Amino acid sequence: MQKIMVGIKRVVDYNVRVRVKPDGSGVMLDGVKMSVNPFDEIALEEALRIKERGTNVEVIAVSIGVADTQQQLRTALAMGADRAILVQTDAPIEPLTAAQTFLALAKKENPDLFFLGKQAIDDDANQTGQMLAAIWERPQATYASKVEITGAKAAVTREVDAGLETIEVDLPAVITVDLRLNEPRYVKLPDIMKAKKKPLDVTTLEALGISAGRLLTTVKTEPPAQRQKGVMVKDVAELVDVLKKKGLI
Amino acid sequence: MQKVLIIGEHDGKILNPATAKCVTCARGIADAEISIALLGADTSSVAAQAAAIAGVKAVLRVDRPENEHPLAAVFAPQIAALAADYTHVFGPSTSFGKDLMPRVAALLGAPQVSDLMAVESAHRFKRPIYAGNAIVTVEADPSRKLIATVRVASFEAAPAGGSAAIESKSTNAALPSHTRYVGAKSGSTDRPDLQTASRVVSGGRALGSAENFKLLYAFADKIGAAVGASRAAVDAGYAPNEMQVGQTGKIISPEIYIAIGISGAIQHLTGIKDARTIVAINKDGEAPIFEVADVGLVGDLFQIVPELERLISA
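From first to last, the protein sequence lines are chains W and F. The first sequence begins at 1 in my numbering and counts up one residue at a time. The second sequence begins at 1 in my numbering and counts up one residue at a time.
Just so you know, the hints here were simulated from the structure itself, not pulled from any lab data. These numbers come from a predicted model, not from an experiment. Where hints are given, some of them may not hold.
Said to hold, decoys possible - DSS-like cross-link-like pairs, simulated, lysine-lysine; straight-line CA separation at most 25 Å:
| no. | chain 1 | residue 1 | chain 2 | residue 2 |
| --- | --- | --- | --- | --- |
| 1 | F | K214 | F | K185 |
| 2 | W | K244 | F | K273 |
| 3 | W | K220 | F | K214 |
Chain F extracted, bound-state conformation (with noise of 0.2 Å):
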């Protein structure tokens, strides 16, 4: 029987949504038990949320103090001494998970797939290469652990209607002091998450500056959106880091994706393309984007997104 393990990521009071999505690619593993491991100084209330998800057999919680905050070098021994009843062990393909998980799968000498996007058996899957310009089928070992990240994009969040047991664990994995948690900063928003909304308005360089970005979140906070940004758009200046969509950005999935001045990068478009419906917006008509757009406008945006904000909420 296959046992995966499925280290939840949280921030001490909400499971972040792509651990759900972990348990539906998990699911994809025919006979899989399923299990989620949570780390961190009080697991509490994130725990309660990790056994209502539909799937899940056991949430194991780690609580001690040393893992208040995702730290890869405190968290990856303890974890691979969990691994040890386990098959498998998944992390999202998140900063958090592509941090973590690497290190994780070196302790154990295991393989691991990157961005897992399709389950074809418990020991064959699929990925991205060449920011998505191919897809490999890759098979691993049966007779090894193997360690994956899973491209969140790929998969729905598993439903609620759980019921879980829940229950402490402790490791006796020795843990480093070589690496300290200092700080974060995060612009903090009222939007939903740019990752799991299902909504999604997104502006490139021809916005030409952090002022005209205001354009974007006016609009986007009328229809409920998250607000992304093109590579060019961030490397500008225009807006913030982790408002990047991408290749090297954020890889999302929203029912709408309404792109405004982006001219649609090979890289930008591999964090899109499993958008619902993408709607470009652009005064270049020859611009890529409208190669992937299922709706396309081509105009002046400083005329077309107010216009649009007044239209939708007539």
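Bound conformation, chain W alone (with noise of 0.2 Å):
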């Protein structure tokens, strides 16, 4: 284990209720605060923790996304990564010309892990770790809550609906991380101090060979149907009277 790159994306903060501009043209996103993929923070955990307990292991942390998304590399670098690589653009990105850009770096670094969050909690799309492993033609291990290196394989165990699955795959590989696998660490003032040092390198698509294209055009945005406020009731026996009235119990 020489090497590993973890996928950061910049996202609304896990904290912001987003609401649907008026017009329907997207989500109002004017000075709502931004941060890490909450999923991407577990992601860069757990390649922290496989470099602290190995040698010599380089965490990479990797983005693409507006010129302020160094911000949040510089997270990712204060947490722990040794250097970060920012693909700066402007344009709306696709899970596809994610994974094609991931792969661009993968090619360049060669990389024995590929950690990225299950999904985005922007578009919710649950794609990109997966494409990127079927373009590197390299095994994927989505959904991980438990991630053990010997050797060249990595034994994952992965949240699926009917429980625990564990899978063995050939590194390198491509690991999509879930909730549970570990608690990313807090940041300390030290670390964003240090990590003002730490190179992060700014590229672009272009340089890379990528070319941002649309595959899936958003015609319309709009807020979900609410569902309307129903009734409080004073007690058990009113509750069982109200269910057996809709006919549910």
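Once you've looked at the hints, go ahead and assemble the two chains, each given alone in its own frame, into the complex.
Structure, rendered in structure tokens:
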């Protein structure tokens, strides 16, 4: 194990309640707090733990996005990544383009592992890791809740609908992580200062030979249908009464 | 004409009901000809179940020993090969489909619509983003294949009554050996499946312990319900991960959802807003769960649940 890459996405912070623009052209993002996608933080934490267990493992945080994405990569460096690469673009990036871009970076860096969050909490697509594994022609282990590295193999326990499933993959491999894999560390002030000196390279899609194509066009954004506020009952007897009237019990 | 290939989910014995929901979704495309592909070691019995779904023209069986476990890296090249004859490839938005379909899409260089919740036309669909806080309408280029995972909570299962032709298919796709199935651990239970149950009883952090969850199991068994849990309860170790309901867990649409001691974080509400009736029991009258509940009761769950169980069975 020598090198681990981790995909980092800049997204609207987990605690922000996102609202749709009145004209249906998108969601309101002006002045909204932006953060590292929480699943990507877990991915990075796992990479750092592997690094801390081993020797001479380099952890590289990579992202695709606007210039301000440097903030999220600095957070990743403060957490403990050794260096970072930003593929800077103002274009909206679809999962397949993200996968192609990460593949271009993987071909330059030759990592043993590529960690990503299982999904980003903005578009909730849950695609990029699987797509990267497909075009890299490498294994994928999605929704990881436990990762054990032995030599050139990883045993990954996955959270699936029926419970837990374990698969074994040859490295290099793509692993996408689920919530319960670990609890990411808090960044301390001295780490933030140290992170300022770590290398953060900026490149472009063009330099990597990627064109940001649009395979899907968003034609409208609307708020979800709201549920009607219901009735409050005063005790269990009344609750049972209401449910019986509705024919539910 | 549009030709839709649905990737059936099964365990070798039972066809997952999500498959029939994908059929309903595909039937929303005008003039769609619908086929179901089943990959497995022996799909004979699930093929018969798939063939009985109304509206399905053909069932394609791809039986080979390597297909015994649904490994995305093994399934995807075979599905990509089968997809040559189709305009659309749909899978369920379950852990099976979510793992597999993007790998298929990437092999085909095709876009994927994740969590497809409504069909507007053959190339125009709705899907949720931001944990369901916004719904987008997306349009795909008709000259390319389209891959989708179908948000099963948005569709009723297609009825039985079909008699599709069953055919065996083989592909010459090269299968990788870099990914191997090791084993599975599931909390086997006699309760109904959470994802398809018509009644669900669900508990949150207020339950306080795994031991106290037994209160919910007893109540659920009394009314024939599946049991779910909030992320907080799963993170705290009160319930196993497969019981989690919400944005990153299961998205369900039961007839009745009884939320007990669940405050109702937006990520949890995402998983339940298609429930026909939501009942909330919580000691905090200001809990957000009451904003979406059809019936709410403020009080101590440890008194309410046993009383509810007693009165219902009375």
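Checklist entry - Of the numbered hints stated previously, which ones are contradicted by the structure, given in increasing order? => result Hint 3 is the one this structure does not satisfy, whereas the remaining hints hold.
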